[in-house]
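Protein chains in written order, with the working numbering: chain A, 19 to 283; chain B, 10 to 269.
There may be inaccurate statements among the hints.
Incomplete in silico selection of chain B near chain A, CB under 8 Å [unchecked claim]:
#1 Phe25
#2 Ile29
#3 Leu33
#4 Val108
In silico lysine-lysine, DSSO-like type, Cα no more than 30 Å apart, as pairs [claimed, not checked]:
#5 Lys32/A x Lys263/B
#6 Lys69/B x Lys222/A
#7 Lys225/A x Lys242/A
#8 Lys28/A x Lys95/B
The set of hints was computed from the structure by calculation and includes no laboratory data.
Every residue, glycine too, gets a C-beta built ideally from N, C-alpha and C.
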Amino acid sequence: MLKTYRAVSKISLKSILANKSSVVILLLQALVPSIVMFYLWSLILNHGQTVGGFTKNQIVIYYIGVNFINSFVWYAIDWELNDDIHSGELSNIIHRPIAIEKYYFAKMVGDRLANLLLLAPILIIGILYILVKNLLQISLIVLLEFAFSIIMSAVLWFLFSYIIGSVAYWFDNLFFVLLVKEVLVNLLAGFYFPLEILPPFLVKITKCLPFQYFSSFPIDTLVKGLSLQSWLKNTGIEIAWAVIFYVIVQIVNRKGLQRYSDVMG
Amino acid sequence: MKNKFKLIGSLIKIAFLETISFRLDTVFGIISSVLWLGIPIAFFKVIYLNVDTVGGWSFKECLLLVGVYTMLDGFLMAFLVKSMPKMEADIREGTLDSVLLKPINTKLFYFFSSIEFTQLINSVLGLVVIIYACQGIKISLIQLVCFLFSCVLGCILYYSLWYLWTVSAFWFPTNFGRNDLFLSMIQMSRYPASIYCGLGNIIFNFILPFGLVACPATIILLRPEEWHILLLQLLFALIFVVLDHVIWNLGLKKYDGAGR
Numbered sequence: 019m020l021k022t023y024r025a026v027s028k029i030s031l032k033s034i035l036a037n038k039s040s041v042v043i044l045l046l047q048a049l050v051p052s053i054v055m056f057y058l059w060s061l062i063l064n065h066g067q068t069v070g071g072f073t074k075n076q077i078v079i080y081y082i083g084v085n086f087i088n089s090f091v092w093y094a095i096d097w098e099l100n101d102d103i104h105s106g107e108l109s110n111i112i113h114r115p116i117a118i119e120k121y122y123f124a125k126m127v128g129d130r131l132a133n134l135l136l137l138a139p140i141l142i143i144g145i146l147y148i149l150v151k152n153l154l155q156i157s158l159i160v161l162l163e164f165a166f167s168i169i170m171s172a173v174l175w176f177l178f179s180y181i182i183g184s185v186a187y188w189f190d191n192l193f194f195v196l197l198v199k200e201v202l203v204n205l206l207a208g209f210y211f212p213l214e215i216l217p218p219f220l221v222k223i224t225k226c227l228p229f230q231y232f233s234s235f236p237i238d239t240l241v242k243g244l245s246l247q248s249w250l251k252n253t254g255i256e257i258a259w260a261v262i263f264y265v266i267v268q269i270v271n272r273k274g275l276q277r278y279s280d281v282m283g
Numbered sequence: 010m011k012n013k014f015k016l017i018g019s020l021i022k023i024a025f026l027e028t029i030s031f032r033l034d035t036v037f038g039i040i041s042s043v044l045w046l047g048i049p050i051a052f053f054k055v056i057y058l059n060v061d062t063v064g065g066w067s068f069k070e071c072l073l074l075v076g077v078y079t080m081l082d083g084f085l086m087a088f089l090v091k092s093m094p095k096m097e098a099d100i101r102e103g104t105l106d107s108v109l110l111k112p113i114n115t116k117l118f119y120f121f122s123s124i125e126f127t128q129l130i131n132s133v134l135g136l137v138v139i140i141y142a143c144q145g146i147k148i149s150l151i152q153l154v155c156f157l158f159s160c161v162l163g164c165i166l167y168y169s170l171w172y173l174w175t176v177s178a179f180w181f182p183t184n185f186g187r188n189d190l191f192l193s194m195i196q197m198s199r200y201p202a203s204i205y206c207g208l209g210n211i212i213f214n215f216i217l218p219f220g221l222v223a224c225p226a227t228i229i230l231l232r233p234e235e236w237h238i239l240l241l242q243l244l245f246a247l248i249f250v251v252l253d254h255v256i257w258n259l260g261l262k263k264y265d266g267a268g269r
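Please take these sequences and the hints and turn them into a complete structure.
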């Protein structure tokens, strides 16, 4: 059975690598917003000031980090599910002897691996630059924590997006629903700016929500060097959120597929 | 000519019916408009809690810039947010043939074929922010005319950039988020153009003139003595209109249709 999902991942990976233009687009997508933020924050923090505890170097690395995480973690499963449900493509998947959520997860893994392969040279150069220039203090433990956080982010992101995409079972057109979800998640995950620079009461609210684990938490792990105790506590909460989302995925899958077969099949 | 107007009228009517036929999506369209405007304002507010100016721009001036950008962005997004991905898919999949054969200019067809009316709410909200941010600023009639002209030029540049990026699919076809990249890049237009220096200035203000979309119109309202920026914007708009035409024709020569 594992072989089947590995094959799905492989196809997804190859379809990305097949287009050379994808490489350019992916690179631009990760680099351009980071460059713009570099210019903006360099201007704002040019006299050694800090914002939300971030120095100029830290905030620039933060933005580069969230943009790269975007490339590794944020797979548009909700848009894909929405398209597949409404175009009827889903029928081709549910007729196969595979679990639908596992099929999409395997697809996401292949797609993200392709991104990782494409961006690996830049990522390695970036990390070496940070280490050589001593811009951040990164120990092996921090790197391991960071790697684990990214994997967990991908899992949590998948489960959350899958739930949102499943709304397509009940509604015909989700273009703006998904757009709103994207903007809100970007905001609450710390993609637009670090959550720490918000007023304290808003920081408290965002810290109670699962969205910080999509990008803010992994990057804070790397940039701010959280204590092991704090990292473990947050990872525990992240895993709890993943379990909750997994249960919801099972429910919406069952009810959604029931509706899909009722209405369309 | 009359037939063409009739055709465009029909396209708009269909697009309007499509927009209002999905109620949940329309409601979320309105929410997205509010968020689309609220987030950059919140972003600048948070920044200005820590500093007084950014590249010589105060908070109120940035607010005006965000308002101008949102107004132009909302207007063009209404026409392009669905049609550009559609055009890209047609080029990539070889289904452009059916559009080329229609008795209407291809650009016009795409422009009017998939209008997303809820995006126009962004424009209205952007206008409200402009009016709010302009309180206390004396604006002459010439300034207002120049501002409107600059907005038109900004729209031309916005459209041209997206259009060129889309027709690049003739040479570099990929189903990999081409439009997502444009949408993330165009957001640069809501930052003051003066934040860039050196190479960044050349790239983001001239080669990819995102800094010339909304900034000139804002500058005309704030610092009328810098009116010459309008000439620069006009020059770039003309260059990009010509580029659009040339690149489209070159692309059509390269295009093999479904038989590729």
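For each hint, the structure was consulted:
For the restraint placing phenylalanine 25/B at the interface with chain A, the shortest Cβ-Cβ distance is roughly 15 Å, beyond the 8 Å limit, so the hint is violated. For the restraint placing isoleucine 29/B at the interface with chain A, the shortest Cβ-Cβ distance is roughly 11 Å, beyond the 8 Å limit, so the hint is violated. For leucine 33/B, the suggested interface contact is upheld, since its CB lies about 5 Å from the closest CB of chain A, less than 8 Å. Because the closest C-beta pair between valine 108/B and chain A is about 21 Å apart, greater than 8 Å, the hint is violated.
This hinted pair checks out: lysine 32/A and lysine 263/B have alpha carbons roughly 26 Å apart, not beyond 30 Å. Using a Cα cut-off of 30 Å, the hinted pair lysine 69/B and lysine 222/A holds, with the two alpha carbons roughly 28 Å apart. Pair hint lysine 225/A plus lysine 242/A holds up; C-alpha atoms about 16 Å apart against a cutoff of 30 Å. Taking the CA atoms of lysine 28/A and lysine 95/B, the gap is about 28 Å. The hint holds against a cut of 30 Å.
Checked against the numbered hints listed earlier, the structure breaks hints 1, 2, 4; every other hint is satisfied.
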